[in-house]
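Colleague: Sequence:
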Amino acid sequence: MDWMLMPYRRYFDFTGRSRRKEYWMFVLFTTIVTIVCLMIMFAGGLSMDETTQAEPGLLFWVGLILIVLFALGSIIPSIAVQVRRFHDQDKSGWMVLLGLIPYVGGIILFVFMLLEGTKGPNRFGPDPKDPAGAEVFA
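So the sequence shown is residues 113 to 250, counted in the working numbering.
It should be emphasised that the hints constitute simulated quantities derived from the structure, not laboratory data. You may find that some hints are simply not true.
To be verified - Here are the simulated EDC-like cross-link-like pairs (lysine to aspartate or glutamate), alpha carbons at most 16 Å apart as the crow flies:
{"#": "1", "residue 1": "Lys133", "residue 2": "Glu228"}
{"#": "2", "residue 1": "Lys133", "residue 2": "Asp239"}
{"#": "3", "residue 1": "Lys203", "residue 2": "Asp239"}
Start from the sequences and build out the full structure, keeping to the hints where you can.
Modeller: Spelled out as structure tokens, the structure:
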């Protein structure tokens with residue numbers, strides 16, 4: 113759970129590096145929360161009133177409000193953790209903008225998020241897998 117919430121603790125931190133584990137656990141957390149909110153929305157479903165006109169129930173609106181608030185609160189941490197993932201690969205954080213390319217941008221970002229970071233320190237900071245920078249067999 114610590115890895116899932118780390119991007120929220122580093123809310124506006126666009127410096128440094130993040131491991132793949134931090135990114136993918138954050139993605140897992142946001143996916144789980146989104147699914148729960150969608151389940152609440154679907155549980156609200158459509159209710160029929162006396163005029164037989166279908167309209168969303170109370171739970172639908174509660175789920176919708178929750179998912180909108182969660183999405184708004186997660187925009188900055190999700191961009192920041194992507195920037196730090198690019199930093200881990202010794203690439204500029206501006207590469208996040210590749211996601212704006214129609215059709216293929218998301219695929220390009222997905223592939224970059226799967227790639228391993230550079231070993232040892234790079235221009236963005238020390239290796240997050242080895243924060244002490246110690247060599248085991250030196």
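Colleague: Now, for every hint given, state plainly whether the structure supports it.
Modeller: Hints, one by one, checked against the model:
no.	hint	result
1	Lys133 - Glu228	10 Å, holds
2	Lys133 - Asp239	13 Å, holds
3	Lys203 - Asp239	14 Å, holds
Figure legend: structure checked against the earlier numbered hints; every hint is met.
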